[in-house]
Amino acid sequence: MPSVMELYQFLPKTNCKKCGESTCMAFAVAILSRKKKISECPPILETSFKKQKDKLESLLLPTAGAEETGMMVHHELCTGCGNCVVACPVDVANDPKGAAVGCAPTNEKVIFKVVDGKVLASNIKECRRFGKNRVLCYACIDPCPTGAIEFV
Amino acid sequence: MGMDIGKFLKSPEHEIKITTYRDIFQIEALERDRFGEDYRKLSACIVIGKNDMQKMGIKDRDRVLISNKYGSVVVDVKESKKEEPGGVAFMVNSPWSNALVSDVTGGKGIPEFKEIIAKISLTKEEITSIESLRV
Amino acid sequence: MITCTGCALLCEDIEVIIENNSVKETRNACRRGAARIKGCVNRMVPSIDQKPVDIDISLKKAIQILKNAKAPMLFGFGNSTNEAQKKAIQLAKKINAALDDTSSFCQGHLIEKVLHNKFRTCSLDEIRNKADVLVYWGSDAQDSQPRHLSRFSYFPRGELRQRGYEEDRLAIAIDVRESNTAKICKGHFYRIPLKGDREFILALMDALSGKVPTYDPKKMLELAAILKKAEFGVIFAGIGLTYSIKDDIDILVALSDKLPNFHIMPMVGHYNMRGFNENLFNETGFVNRVKFSEGKTIHDDKYSIVEALKENTVDALLVVGSDPVSSLPRSIISHLASIPVICIDPCVTMTSKIAIVNIPCAVSGIESSGTAIRMDGKVVELKKAMASNYPDDENVLKRLLEVI
Chain A
2 MPSVMELYQF
12 LPKTNCKKCG
22 ESTCMAFAVA
32 ILSRKKKISE
42 CPPILETSFK
52 KQKDKLESLL
62 LPTAGAEETG
72 MMVHHELCTG
82 CGNCVVACPV
92 DVANDPKGAA
102 VGCAPTNEKV
112 IFKVVDGKVL
122 ASNIKECRRF
132 GKNRVLCYAC
142 IDPCPTGAIE
152 FV
Chain B
2 MGMDIGKFLK
12 SPEHEIKITT
22 YRDIFQIEAL
32 ERDRFGEDYR
42 KLSACIVIGK
52 NDMQKMGIKD
62 RDRVLISNKY
72 GSVVVDVKES
82 KKEEPGGVAF
92 MVNSPWSNAL
102 VSDVTGGKGI
112 PEFKEIIAKI
122 SLTKEEITSI
132 ESLRV
Chain C
2 MITCTGCALL
12 CEDIEVIIEN
22 NSVKETRNAC
32 RRGAARIKGC
42 VNRMVPSIDQ
52 KPVDIDISLK
62 KAIQILKNAK
72 APMLFGFGNS
82 TNEAQKKAIQ
92 LAKKINAALD
102 DTSSFCQGHL
112 IEKVLHNKFR
122 TCSLDEIRNK
132 ADVLVYWGSD
142 AQDSQPRHLS
152 RFSYFPRGEL
162 RQRGYEEDRL
172 AIAIDVRESN
182 TAKICKGHFY
192 RIPLKGDREF
202 ILALMDALSG
212 KVPTYDPKKM
222 LELAAILKKA
232 EFGVIFAGIG
242 LTYSIKDDID
252 ILVALSDKLP
262 NFHIMPMVGH
272 YNMRGFNENL
282 FNETGFVNRV
292 KFSEGKTIHD
302 DKYSIVEALK
312 ENTVDALLVV
322 GSDPVSSLPR
332 SIISHLASIP
342 VICIDPCVTM
352 TSKIAIVNIP
362 CAVSGIESSG
372 TAIRMDGKVV
382 ELKKAMASNY
392 PDDENVLKRL
402 LEVI
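Chains as they are written, first to last, in the numbering used here: chain A, 2 to 153; chain B, 2 to 136; chain C, 2 to 405.
Think of the hints as simulated: they come from the structure by calculation, not from any bench. Hints are not guaranteed to be accurate.
[Said to hold, decoys possible] Label-pair ranges, simulated between beta-carbon atoms:
| # | chain 1 | residue 1 | chain 2 | residue 2 | range |
| --- | --- | --- | --- | --- | --- |
| 1 | B | Phe36 | A | Ser49 | 53 to 59 Å |
| 2 | A | Lys98 | B | Glu84 | 38 to 44 Å |
| 3 | C | Leu195 | B | Lys109 | 18 to 24 Å |
| 4 | C | Ala226 | B | Lys18 | 32 to 38 Å |
| 5 | A | Lys98 | B | Lys51 | 43 to 49 Å |
| 6 | C | Glu382 | B | Arg64 | 47 to 53 Å |
| 7 | B | Lys60 | C | Asn283 | 52 to 58 Å |
| 8 | A | Lys98 | C | Ser335 | 51 to 57 Å |
| 9 | B | Ser133 | C | Asn396 | 31 to 37 Å |
| 10 | C | Arg192 | B | Lys120 | 51 to 57 Å |
[Unchecked claim] Selected chain A positions facing chain C (in silico; Cβ < 7 Å):
| # | residue |
| --- | --- |
| 11 | Ala88 |
| 12 | Ala101 |
| 13 | Cys104 |
| 14 | Val116 |
| 15 | Gly118 |
| 16 | Leu121 |
| 17 | Pro146 |
Ideal Cβ positions, reconstructed from N, Cα and C, are used throughout, including at glycine.
If we strip away everything but chain A, and leave its shape as in the complex, we get (with noise of 0.2 Å):
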């Protein structure tokens, strides 16, 4: 994924404001984390920016299916082993008969799935790396032995 320098200097510099934050900087690291979108800062929009634009989308374009909480699966490297259904702190919490003890997920509470042999997120919010609360948990990304699971 892009640093927010790399970001930055694709942006107008001009620090206008017209997106909302105080500075360009700022902007980049709203579009790093998703908060904003590349269509919110107006300058860009314009066609002496374009190359500039499609830059930044390009940049960005490895995150777009990410969730809110930045989780992207690779499905094409999950093996569908279900590590991270049984491994994930939410999961064991949310379903204590099922997927905490190794068994396929009992209720729709549950975070992780195993759909045609590849893990499917959802409840997002529920993630810890979720809302105010949040902390930088790495609980389905270490039982993963083929990196299918990311936070960008």
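Given chain A's structure and the hints, the job is docking chains B and C onto it.
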């Protein structure tokens, strides 16, 4: 004495030791279609560590001929993404690796699937097809 | 809920959505299992000499071949139900055939030790509830039995292991290759040289007896200390280990004697390979490699599929649910081209392409029901999820048995 021209035309051969392993993506392809392109791509290859590849002058995605007295196959090279101690290359268990397995069993009924000794050299030939690996 | 036949874990919690008599979606099955449940693209059609015929005609031809054979052999069965395997044993008895299965060149030796109670073993459910030290030895469960770590061994919480894997369990990998399973074992991956298992076991036994091992003493003593502290340990013996010590399997029994809190579990691939071993064992006292002769059972390595093909000692081969042309060394299978081969399978295989007679069957666990034996010995029920135009392999074998 005439010059051995063959020595200059043929790619250099290197001794290689191969062990076999299992791969879930290849097993998935086998379940779906053992005669399909996916199974061939995931089977007809050899994974080699970076240092060993440099020593042999072989690069990622090169085409190689692997042969010994039991058989020969043409497969693609994949550079290992891991740190390898070297000395051993890896082939996923398949008809391609089985073409190189020895028939010496000492009458015990278990072939030596895990230690294949062969020669490896660069080639421009086509990948060995599954059809040609039949009896 | 159906049971997955993708591997010998026989996961019983699989949901399938079926539309127009085909599986549209699977839930809870891993990538390997989902592929098995969704099935192959090239289903077999009944044929003689590779020309399509009616299934009854192919059956008649199979009967004729088996009747005329002087030294027939029956082989395969790792993907057959217990019921089909029992029929195969009866058929072999009736026609004085040799009988062998894929465990013959896989985990057969180890399962034989288990059935003879040569070392302690345990159930997968006990592992989930009690195990604290797990050793994956020459076993890449992540790729071969993909839900092993999540359903039973490492990640789930169990009765005595309530706090999760980070605190309550320790996973160790001993392997030649940094497999996906070894990656999970991170700080406890012991990489051994090719065929180095025997030396590693000897050094470990030294370390466990308080001697200074000659091989990597620091690491061996550290590992011995971890194993000694285990309350309920398990060694998952993969084929990497079994192949490496194939000439001296007893060394594993010796190691087990030095580790009183440990259990050994053979990691089985095909869904009912252990079933075949148990069914034949119950009938004859042997797990594989037998020949029936006028009511007597002879057990000999020469009745292994590998030696039988190598030494040209069979004159007809019936293959059920297996693909020896694919899974055996090419240097050994050339004899197959010169004898009549009968193939019973749901799908076209490399073996079916050289077979004189092909008899298609239903996919067990999806198109037909029955029972199978999980890698730990538990009997698991297979359910039928949809209809098939073809009989199951039990039925095919039953029809052969009735007519011969």
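Comparing the hints with the structure gives:
Range check, B:Phe36 to A:Ser49: Cβ separation about 56 Å, and the 53 to 59 Å hint holds. For A:Lys98 paired with B:Glu84, a C-beta distance near 41 Å keeps the hint of 38 to 44 Å intact. Taking the beta carbon of each, C:Leu195 and B:Lys109 are about 19 Å apart, inside 18 to 24 Å as hinted. Distance hint check: the CB atoms of C:Ala226 and B:Lys18 are about 33 Å apart, consistent with the given range 32 to 38 Å.
Between A:Lys98 and B:Lys51 the beta carbon distance is about 47 Å. The supplied range of 43 to 49 Å therefore holds. One distance hint, 47 to 53 Å for the beta-carbon pair C:Glu382 and B:Arg64, holds here, with the actual separation near 49 Å. Hint check: B:Lys60 to C:Asn283, Cβ distance near 55 Å, so the stated range 52 to 58 Å holds. Against the hinted window of 51 to 57 Å, the Cβ-Cβ separation of A:Lys98 and C:Ser335 comes to about 55 Å, which satisfies the hint.
For the pair B:Ser133 and C:Asn396, the supplied restraint of 31 to 37 Å holds, since their beta-carbon distance comes to about 36 Å. For the pair C:Arg192 and B:Lys120, the beta carbons lie near 26 Å from each other, so the given range of 51 to 57 Å is not met. A distance limit of 7 Å between C-beta atoms decides the matter here; for A:Ala88 the minimum to chain C is near 5 Å, and the interface restraint holds. For A:Ala101, the shortest C-beta to C-beta distance to chain C is roughly 5 Å, which falls under 7 Å, so the interface hint holds.
The interface hint given for A:Cys104 is met, as the beta carbon of that residue sits about 6 Å from the closest beta carbon of chain C, less than 7 Å. Restraint check, A:Val116 versus chain C: the minimum CB separation of about 6 Å is within 7 Å; hint holds. Residue-level restraint check for A:Gly118 holds (minimum Cβ-Cβ distance to chain C is 3 Å; threshold 7 Å). Given the 7 Å rule on beta carbons, the hint for A:Leu121 is violated: about 10 Å separates it from the nearest Cβ of chain C.
With 7 Å as the threshold, the beta carbon of A:Pro146 comes within range of chain C, its nearest partner Cβ sitting at about 4 Å, so the hint holds.
Hints 10, 16, counting from the list given before, are not met by this structure.
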